[in-house]
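As a plain string of letters, each chain reads:
Protein chains: 2
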Amino acid sequence: MAKKSVRDALRLDEVDLSTLDPAGRPVGPKNKKEAAEDMAATGAELDGLQEALYAENSRAVLLVLQGMDTSGKGGVVRHVLGLVNPQGVRIASFKKPTAAELRHHYLWRIRKVLPEKGRLGAFDRSHYEDVLVPKVERLITAAELRTRYKEINTFERELAESGITLVKCFLHISPEVQKERLLARLDDPKKNWKYNPADIDVRSKWSKYQDAYTQALKNCRDTPWYAIPADRKWYRNWAVSRLLLETLQEMDPKFPPPGYDLEAEKARLINNDPLR
Amino acid sequence: MAKKSVRDALRLDEVDLSTLDPAGRPVGPKNKKEAAEDMAATGAELDGLQEALYAENSRAVLLVLQGMDTSGKGGVVRHVLGLVNPQGVRIASFKKPTAAELRHHYLWRIRKVLPEKGRLGAFDRSHYEDVLVPKVERLITAAELRTRYKEINTFERELAESGITLVKCFLHISPEVQKERLLARLDDPKKNWKYNPADIDVRSKWSKYQDAYTQALKNCRDTPWYAIPADRKWYRNWAVSRLLLETLQEMDPKFPPPGYDLEAEKARLINNDPLR
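As you go down the protein sequences, you meet chains D and S in turn.
Numbering-wise, the first sequence is residues 1 to 276 according to my numbering.
Numbering-wise, the second sequence is residues 1001 to 1276 according to my numbering.
Certain hints may be false.
Claimed, not checked - For lysine-lysine, the following DSS-like pairs were computed, each having C-alpha atoms within a straight-line distance of at most 27 Å:
#, chain 1, residue 1, chain 2, residue 2
1, S, LYS1179, D, LYS194
2, D, LYS194, S, LYS1194
3, S, LYS1266, D, LYS208
Said to hold, decoys possible - Beta-carbon label-pair distances, calculated as ranges:
#, chain 1, residue 1, chain 2, residue 2, range
4, D, GLU144, S, PRO1224, 20 to 26 Å
5, D, ALA9, S, LEU1275, 42 to 48 Å
6, S, ALA1184, D, ASN272, 14 to 20 Å
7, D, THR147, S, HIS1105, 40 to 46 Å
8, S, ILE1140, D, LYS233, 39 to 45 Å
9, S, THR1147, D, LYS96, 51 to 57 Å
10, S, PRO1026, D, ASN271, 34 to 40 Å
11, D, LYS150, S, SER1005, 30 to 36 Å
12, S, ALA1184, D, GLU144, 36 to 42 Å
13, D, LYS95, S, ASP1013, 40 to 46 Å
Stated by the list, open to error - To list a few chain S residues with every Cβ distance to chain D over 10 Å, as calculated:
#, residue
14, ASP1021
15, THR1042
16, LEU1081
17, VAL1136
18, LYS1179
19, LYS1194
20, ARG1232
21, GLU1265
22, ILE1270
Derived by calculation from the structure, the hints in this document are not laboratory data.
As the structure is a prediction and not an experimental result, all values here were calculated from the model.
Each residue gets a CB set at the ideal place from its N, CA and C atoms; glycine is no exception.
Kindly produce the complete structure, drawing on both the sequences and the hints.
What follows is the structure, encoded as structure tokens:
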């Protein structure tokens, strides 16, 4: 099968968000049913690869999820990370920095929760918040922002060198779909807790955020970004699951050979079993 | 339906491991198929309850898994914790203490990874290792051991007071089934990494470990223990999933009411939408 890789199809080369359709399906299934079937197969393969990654115990994967409110960062965690053994998963979410966190460099809280070797980590928001909010809210100067872009590129190169493969996803939704999803949070008592009045303040700065994202994606792409059309939840989940799958396929983790004498151990267990 | 609760059926009252059948099915389904159906239903309900627990954000659950090698602690994590949203799960596993950990009280490393409010935590091994290995290996005196039992009871009461509900499971397997499972790890190249020659040294002290477990379960049951027959994987997974379900049902977490004016927010979004 000469399928085009999902990574090639979704990798952001030219960063022009205005040309990216949040409801697009540039690659892969055209409907929910097909996507569900594909995800089931992906899940099984992902699970096996993740176990090998865990057993190999030398490298890690880190999924970075960024996107406007309701773009589905939590949904990806639930539906994509939910495909594999929770033992090997490390999820961290980053809210507004606490007072304690603010007394450190902004990468401090990020470094603290990097996935250990063998793990599949996921960041629900990340260090990119520190080049988005401060830019929109004018909390730092243009020079400071440029420094941060550089620091982030360096930091991400450092991660690669330490064996952590990044999969950076920008979940791209339209303001119309965000509105629907915010309304759903207001309409469903089981979702009220997910809504925060401040979400509308952020929403009101939509174009400023799109600009901040554009600059962040443009300036921090020594490690590539993937743009995920996120107006359709099923497409978004499918796309991220495939990006992870292709990443792990390429990494090709191997179950390690036994660090002991197989036959001798079998003999101990069968012939000299202390409990026989 | 006047089903007997699984908690009542599996709670350890008299701690006499010799009377507990590791292949028993004292309650619930008699075969794998029935168990799978029941677990699918349990999974859906558990997922909803866990989301409410997360939203409520005031209490937590901590599943403590103890048992001999191959008793299925990892299997429970995979198959039971895998039923819910990984976002709300916190898994910690405790290996042989490191040099750094040994420079602290044995509860230090445990306290560090307690689940935060709203989370469903799971410990793959736990503070109980510190009253098992040291007893079998005679690393501490009888008086020190008694002190630890007391400390553990106090610690667990403290957890309850801080809103963490413990579900302590002893996964009970037979030495025959352990042998089969260790052999399977030696026979399957994808499982070799799970095998450690030291497992046989521990196995050779089977009755000493059963005795150490008996003492630990007897002396530390201010918070109850559940004995899980673990020779059948499907029964083990079913039983733990039901214990968690019943625990969460009793806790009855509630989605919190909105901390804002619902109608006002709807109006902001519909009538005064800044992006309209």
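Now the hints, each set against the structure:
{"no.": "1", "hint": "S/LYS1179 / D/LYS194", "result": "49 Å, violated"}
{"no.": "2", "hint": "D/LYS194 / S/LYS1194", "result": "40 Å, violated"}
{"no.": "3", "hint": "S/LYS1266 / D/LYS208", "result": "23 Å, holds"}
{"no.": "4", "hint": "D/GLU144 / S/PRO1224: 20 to 26 Å", "result": "56 Å, violated"}
{"no.": "5", "hint": "D/ALA9 / S/LEU1275: 42 to 48 Å", "result": "29 Å, violated"}
{"no.": "6", "hint": "S/ALA1184 / D/ASN272: 14 to 20 Å", "result": "19 Å, holds"}
{"no.": "7", "hint": "D/THR147 / S/HIS1105: 40 to 46 Å", "result": "43 Å, holds"}
{"no.": "8", "hint": "S/ILE1140 / D/LYS233: 39 to 45 Å", "result": "54 Å, violated"}
{"no.": "9", "hint": "S/THR1147 / D/LYS96: 51 to 57 Å", "result": "43 Å, violated"}
{"no.": "10", "hint": "S/PRO1026 / D/ASN271: 34 to 40 Å", "result": "36 Å, holds"}
{"no.": "11", "hint": "D/LYS150 / S/SER1005: 30 to 36 Å", "result": "60 Å, violated"}
{"no.": "12", "hint": "S/ALA1184 / D/GLU144: 36 to 42 Å", "result": "57 Å, violated"}
{"no.": "13", "hint": "D/LYS95 / S/ASP1013: 40 to 46 Å", "result": "44 Å, holds"}
{"no.": "14", "hint": "ASP1021", "result": "18 Å, holds"}
{"no.": "15", "hint": "THR1042", "result": "16 Å, holds"}
{"no.": "16", "hint": "LEU1081", "result": "5 Å, violated"}
{"no.": "17", "hint": "VAL1136", "result": "14 Å, holds"}
{"no.": "18", "hint": "LYS1179", "result": "6 Å, violated"}
{"no.": "19", "hint": "LYS1194", "result": "8 Å, violated"}
{"no.": "20", "hint": "ARG1232", "result": "20 Å, holds"}
{"no.": "21", "hint": "GLU1265", "result": "6 Å, violated"}
{"no.": "22", "hint": "ILE1270", "result": "7 Å, violated"}
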